[in-house]
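Protein chains in written order, with the working numbering: chain A, 1 to 106; chain B, 1 to 603.
Don't take each hint at face value.
Said to hold, decoys possible - Derived coverage of chain A by chain B (criterion: at least 3 residues anywhere in the stretch with Cβ under 8 Å from a Cβ of chain B; other residues may be distant):
(1) 26-35
(2) 49-61
As the list claims (entries may be wrong) - Cβ-to-Cβ under 10 Å is the rule here; a few derived chain B residues that face chain A:
(3) Gly53
(4) Asp56
(5) Val318
(6) Gly341
(7) Ile382
(8) Asp383
(9) Gln384
(10) Thr581
(11) Ala591
(12) Arg593
(13) Val597
(14) Lys598
(15) Arg601
Stated by the list, open to error - Lysine-lysine pairs mimicking DSS-like chemistry, simulated, CA-CA at most 25 Å apart:
(16) B:Lys59 x B:Lys317
(17) B:Lys75 x B:Lys198
(18) A:Lys70 x B:Lys370
(19) B:Lys317 x A:Lys70
(20) B:Lys362 x A:Lys70
(21) B:Lys21 x B:Lys99
(22) B:Lys138 x B:Lys168
(23) B:Lys317 x B:Lys99
(24) B:Lys168 x B:Lys116
Don't read these hints as lab results, they were simulated from the structure.
Predicted model only: the values in this text are computed from it and were never measured.
Ideal Cβ positions, reconstructed from N, Cα and C, are used throughout, including at glycine.
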Amino acid sequence: MTRISEERRGSFLGVVDRFWRKSGYQMTAVNNSAEFPAIYARTIDGYRMSLSIGGQGQAFFQVDTPCVQKSEVLDSTTPATAFLDPDAELIPRPDIHSDFWSAGGS
Amino acid sequence: MSGRSGGAGSALTWSALRAVKCAELEQAADGWGRVSNRADAVRDRIEGELLPGLRDTQKGEAPDAAVKGLRRLGKNFQYIYTECGLLRTTLNSLAHEIKTQQRVLQGALDDAAALKFTVRADGSVTYPAAGEGLIDGKPLAGGTASGVPNPGMVPPSGLVPPNPNAGKAQDIADRVAQAVRAAADADWRHARILRSLKAHEGLGVPVGTWTDAAADAAAVRGAARGYLKDAIPHDASPAERKAWWAGLTDEQREEYLAVYPDQIGNLDGIPALVRDAANRDNLQLLMGKLEGRDDADSATKLAALREIDRQLRAVPKVGEPPMYLLGIGDQGNGRAIVSYGNPDTSRNVAAYVPGLNTSLDKEFAEGDLKRARDTAAAARDIDQSSAVITWLGYDAPQSPDGWSSLAVAGTGRAEAGGRAFNGFMAGMVASNDHADPNLTAIGHSYGSRTVGAATQQGGGIPGVTDIVLVGSPGVGVDRAEDLGVGRDHVYVGAAENDVVTKLPASEHAVISGIGRALGPVGSLVDLANGGDADLWFGTDPASEEFGGRRFSADDGPPLIGPGRVTTDAHSQYFDPELDSTSSRSIALIAAGRGEEVKPERPR
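For reference, chain A alone in the conformation it holds in the complex:
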């Protein structure tokens, strides 16, 4: 996964923020933390989504549906794009350098 430097996190969230607003989603909360920024939004039909930055610039997208009946959900059949040791306790931190997204302060 691509490392997103602290300097680029704002622009990364900004890009997504603009797209969500353009799509008509309502922004519900924003955390402006430099290290762990996050944005939260909601659609008119009740879907909720967030984009947050965790440790070492790891990005997490999350989408939740409105109320549905509790039911069995199958595991995703899409394999991880990077190698994942099946015995690993933790998902590896981002380790790919991008000249743009991983760039430090200028």
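Please arrange chain B on chain A, whose structure you already have, making use of the hints.
Relative to the frame of chain A, chain B by itself:
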């Protein structure tokens, strides 16, 4: 040696007692210990390697059947581990008691030899002539004294034999008789236990077998009391207990784990991995015990234990925090302490104290444990060295049986819970590998009152630097700084529609009158509404006046929504799906990064 019912010891002679080779008993115990360890290792291999390997690589009916078979095999080995461990301790306990009596016997025999008395085969003692006759001055004739097992039970004859040897001989004979009797008694008790350590025939380990195993463990505990239990340092500090455990030999540790999983598993200061291993065994024994009962309380707790057992057996997927069972018990409303992530190796450890109406039931095993699991997963997204615990180590008040019972409970439950919580956190400080771990206490609902009580006892909550209060009806102090961690380290989540957090405010009129008719939800409304607010509510932690750091929380559904009344707004602070902002704020604090939480205006 032979056990005879009644334990009168008539079949046992002192020479037979002296000849018992206790070392052989101990060797036999070691043999059972080795079998027990092997079974434990095999179980680990089945559950840790074979099952996950099969699940990850194979799909279909055949592997499903194989998984089922392997699960049963794992349970069989767990049973072998438990029963062989009990056999080992029973034999060691027998050897311990026999050795004690051999020492008593040897002391008596040594005394007899020094006095040149003869101890005869039946335990009577012959003594030579001695002293002076009152009439002729000649030494008084020798004689024979027979021992009585319980001196003092035999009324004195009133005729004191004048031969000075007679009294000494009587004493020796009494000691020999007592040693033989006590040894025969120990033999009888242990023989009875050994005979009961039997499994049903066949490969299945049915419910009844686990019920038996629970009874077996109780019987062995009873017999081994003198041998093992007195040494468990219940009164020591957690750091001393940690040192005690570190100082035991492997054999001693194995015996404690086999016989007292309930004591070791719930002892604060013992390493998390040890507690987890002990409690997993204890869980099986508790389920066995409760399966043998048919009352509603046992059934409720059993459902919770089964759900916890199910979660423990599931193999975590990559990215899911592993589960550690740090405490389990059926006393009171039930006890369960579960950590997601290893609390000894993690730099950040948070413990969540649940509140009102929490008890060891299925709802707890699903919902309250999920709160810690979700928080741990989110905290590890921020700092991988994080663990989050659900701590049900006290009897939280139960309100479905009426507001009045809660009023009676008052702050008593919080005070008692606070003491237990402080003991637990002292254990976390002692067993954590880091010199300066970040410890966080999270209180929800009445659990925040319990956390509040804990901060006011002794030096406050051991090691805790940050406190989170969510859905709080007040914590017993009026200012955040009174919690002892600095007002900047007190974080408060209060949803707009959570009635419990609105107690000191003036919106009661809106909700008054709809309480009582609504069952459990209604009683919560009642609670929000009624009673003596001074009892335990105090200042609203979300208020400006209180002075903590409020973080934002989703409003939650209103109390009176379309066609229904709901208090769901009180229960979604930890839920990453229903309230991602609040749950993520709690995770940031649990990961030791509370300063990054987005602040919300206080009320």
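Verification of the hints:
no. : hint                : result
1   : 26-35               : holds (count 7)
2   : 49-61               : holds (count 6)
3   : Gly53               : holds, 9 Å
4   : Asp56               : holds, 5 Å
5   : Val318              : holds, 5 Å
6   : Gly341              : holds, 9 Å
7   : Ile382              : holds, 5 Å
8   : Asp383              : holds, 6 Å
9   : Gln384              : holds, 5 Å
10  : Thr581              : holds, 5 Å
11  : Ala591              : holds, 8 Å
12  : Arg593              : holds, 7 Å
13  : Val597              : holds, 8 Å
14  : Lys598              : holds, 4 Å
15  : Arg601              : violated, 13 Å
16  : B:Lys59 x B:Lys317  : holds, 16 Å
17  : B:Lys75 x B:Lys198  : holds, 16 Å
18  : A:Lys70 x B:Lys370  : holds, 15 Å
19  : B:Lys317 x A:Lys70  : holds, 21 Å
20  : B:Lys362 x A:Lys70  : holds, 16 Å
21  : B:Lys21 x B:Lys99   : holds, 9 Å
22  : B:Lys138 x B:Lys168 : holds, 20 Å
23  : B:Lys317 x B:Lys99  : violated, 52 Å
24  : B:Lys168 x B:Lys116 : holds, 11 Å
Against the hints set out earlier in the document, violations occur for numbers 15 and 23.
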